[in-house]
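Enquirer: Quick mapping for you: the protein sequence lines, in order, are chains R and S.
If you count the first sequence from 1, position 14 lands on 14 in the numbering used here, and the numbers rise without skipping.
If you count the second sequence from 1, position 67 lands on 67 in the numbering used here, and the numbers rise without skipping.
Please note that a few of the clues may not be correct.
Stretches of chain S that chain R covers, calculated by requiring three or more beta carbons in the stretch to come under 8 Å of a beta carbon on chain R [what the hints assert, rightly or not]:
#, segment
1, 158–171
2, 343–353
Below, a list of computed lysine-lysine pairs in the DSS-like style, where the Cα atoms sit at most 30 Å apart [as the list claims (entries may be wrong)]:
#, chain 1, residue 1, chain 2, residue 2
3, R, 383, S, 383
4, S, 248, R, 131
5, R, 271, R, 383
Honestly, the hints are just simulated from the structure, not real lab data.
For each residue, glycine too, the CB sits at the ideal point set by N, CA and C.
Here are the chains, one letter per residue:
Number of protein chains: 2
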Amino acid sequence: MTVMKNQYQKQANREYQEKQKLAESISRYYRDKLRELNLKDFSRIKAYLESYLPEGNPLISREIIFAHLDFEPFTSFLAEDKEFTVVSGLNPSSPLHLGHKVLFDLLLFLQKLGANIYIPVTNDESYLDGKVASLSESRRIAYEEIIPSIIAFGFNPKKTKIFVLSDYPDIYNFAVQISKYVTNRYVSAIFGEGALDNSGKAFYRSAIQLAQILLPQLAEFGGVKQSLIPVGIDQHPYILLARDVAKKMKFIPPSELVFKFQNSLLNPFEKMSGSKPKTAIYLTDSPEDIRSKIQKAYTGSVSILDAHKRLGGIPEACSVFSLLYFHHPDNQYVDTIYCRYKKGDIRMDELKKITSDFIIEIVEKHKKAKEKVGNIDEFLLNKPLRSFL
Amino acid sequence: MTVMKNQYQKQANREYQEKQKLAESISRYYRDKLRELNLKDFSRIKAYLESYLPEGNPLISREIIFAHLDFEPFTSFLAEDKEFTVVSGLNPSSPLHLGHKVLFDLLLFLQKLGANIYIPVTNDESYLDGKVASLSESRRIAYEEIIPSIIAFGFNPKKTKIFVLSDYPDIYNFAVQISKYVTNRYVSAIFGEGALDNSGKAFYRSAIQLAQILLPQLAEFGGVKQSLIPVGIDQHPYILLARDVAKKMKFIPPSELVFKFQNSLLNPFEKMSGSKPKTAIYLTDSPEDIRSKIQKAYTGSVSILDAHKRLGGIPEACSVFSLLYFHHPDNQYVDTIYCRYKKGDIRMDELKKITSDFIIEIVEKHKKAKEKVGNIDEFLLNKPLRSFL
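When you get a sec, could you build the whole thing from the sequences and use the hints?
Expert: This is the structure we're talking about:
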């Protein structure tokens with residue numbers, strides 16, 4: 001009996017150590033990337049920004065926004081109560097999921113601070129990357145699913161311009177002009193040879209994507225200006241390329257704000273991905289789906305309850321806890337759960353239950369808000385691009 | 001004195017032989033290309049076509065149209081008096097020249113036989129290839145210069161659709177879909193590595209250009225149909241690529257009609273080029289310019305008059321004679337000049353004089369017709385492309 005018990009204990013210890021390593025590699029990943037890519041730590045700006053946030057914001061306080069390039073001018077805009085410009089797009093290949101919600105929480109937060117927001121919905125990219133069978137399919141997803149879902153977050157139509165790429169082909173002319181500043185050699189150095197598989201992909205990566213980022217600096221939108229691009233760390237190469245081309249074309253290099261990935265349900269080291277349904281909770285999932293997905297999620301707790309109580313859990317390596325961490329608005333509540341989890345004071349089935357309840361609540365709330373979305377036209381960007389450079 | 005005379009004679013003989021070689025290489029060039037590219041000789045179709053042409057057409061009778069791929073279906077359309085579809089574009093980097101006139105004479109001839117003609121004016125290509133400093137410059141040239149000049153040839157507005165690429169960006173969506181069927185590997189094999197210098201060029205060559213060619217087969221224009229693309233032999237690779245992609249996309253591979261180059265004024269083995277002003281007579285040139293350019297042109301006649309009388313001239317190696325050959329409507333007149341020139345019965349200064357007079361006459365006539373062109377809108381293609389595939 002003792003032998004068996006020892007064996008279980010050893011196994012639990014091993015399991016715990018593995019999860020600890022995972023947590024460390026996640027934290028190391030962000031630390032290393034920050035250094036490797038010459039990004040700036042957001043902590044100093046964080047303190048400054050919090051003075052503008054009497055009610056606080058979890059994205060800031062929990063360091064989900066963790067790095068930046070050239071954010072400084074925006075602190076002046078805040079001080080002077082000036083409007084500023086933000087661009088952030090997405091790929092319409094599946095309904096929005098909780099990873100998108102992190103981005104839209106961030107955009108909404110920036111809009112409350114004064115941002116005019118441009119949201120390209122890149123159905124050309126979805127199609128070129130083979131994430132959908134046809135351009136029209138991703139166009140349908142964009143209008144029926146993505147745009148109402150975005151609007152449901154509560155954006156201000158006066159300060160939000162959404163455009164679906166296939167319905168804003170004027171951007172082609174701007175991209176043609178941009179392409180002259182980007183060699184394919186450069187593109188393959190940044191994105192790898194695969195980016196050049198076909199010329200549509202290459203043109204998208206090196207020109208259309210940049211045209212989206214630099215769009216607000218065209219005369220039609222008031223001309224050259226400072227702009228801010230919130231991205232996941234994997235999109236940093238686009239920003240580098242955009243900054244380089246911006247300089248050559250006499251635009252202002254866009255600033256970058258980097259936020260952490262919403263973890264995949266199956267592996268906290270990976271990101272939640274719309275094209276891998278098991279990794280993601282969609283904002284369209286039923287309560288049953290959500291419970292079942294959270295039930296199967298990777299956790300930071302060892303599988304034997306006694307051992308969990310003895311060793312405690314590792315919230316940093318837990319896809320379940322990460323859902324609260326990224327989405328629950330109450331800092332004190334999340335802190336309390338964190339401590340109890342770490343000490344083993346909360347059982348995994350309890351954590352799954354309260355997380356499921358919470359996520360179901362926000363998803364159901366989002367569904368209701370989305371149902372109420374009526375005419376989307378006031379959010380759509382229709383301004384023709386006519387002033388060629 | 002005899003020694004001197006002998007020396008002159010020898011020199012003249014050498015000159016004559018060189019020009020003969022040049023004439024042979026021009027004729028060999030077309031013969032070899034025909035075989036090398038697996039094109040079909042146009043002579044059989046020529047005989048058939050002439051039965052539809054009581055008044056004859058120099059492009060046919062002089063074999064300026066010399067090769068084809070899949071022209072056969074069009075002979076049936078003629079027999080059944082059916083409309084058919086032709087696409088042929090051009091680069092707006094300079095005013096039209098006599099080389100363009102050959103193409104437009106051909107298009108006009110096809111329109112009289114029943115063709116609906118699509119004319120893409122590719123200012124994106126002009127810009128990407130560095131032929132103009134900006135997209136807006138080539139756009140200006142397109143509207144102020146090229147389009148009125150095209151209309152002045154006498155096209156029927158009901159059967160002619162002209163579009164400037166930068167003002168028809170809807171084509172981007174079609175090109176995105178096409179690009180999935182063309183690998184960059186294929187593009188560089190066809191057009192050389194240089195075609196991939198930047199992604200704009202590569203996307204243009206492999207997708208936008210094909211979108212122009214396949215455009216009339218979209219639902220907006222009545223759906224899948226046989227179409228004919230008249231080209232110079234250097235554009236054959238585009239047709240190959242378009243035919244290949246058409247098959248993959250379930251369009252009908254476009255047919256090809258190949259016409260000979262209007263010779264450069266400086267070298268009959270090269271083609272007249274709008275970006276090399278000394279090689280070309282523009283339809284905007286003044287009578288003085290035309291006289292001066294023809295004065296300086298390369299001829300098929302040796303430089304010593306006595307020797308010319310003795311040896312005769314070589315019209316096939318003569319950039320001056322080629323102007324009559326490509327443009328003079330009267331077969332008998334051109335034949336007579338040809339024979340007299342070959343026998344040395346016409347002096348070079350005479351030939352230059354009558355050619356200058358004739359070219360000045362047609363250019364002045366074209367200028368007058370162009371001045372009378374009013375509103376160009378009825379020729380412009382505005383139909384939005386909405387039915388993604």
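Enquirer: Compare the structure with the hints numbered earlier in the document and write down the numbers of the violated ones, lowest to highest.
Expert: 2 and 5
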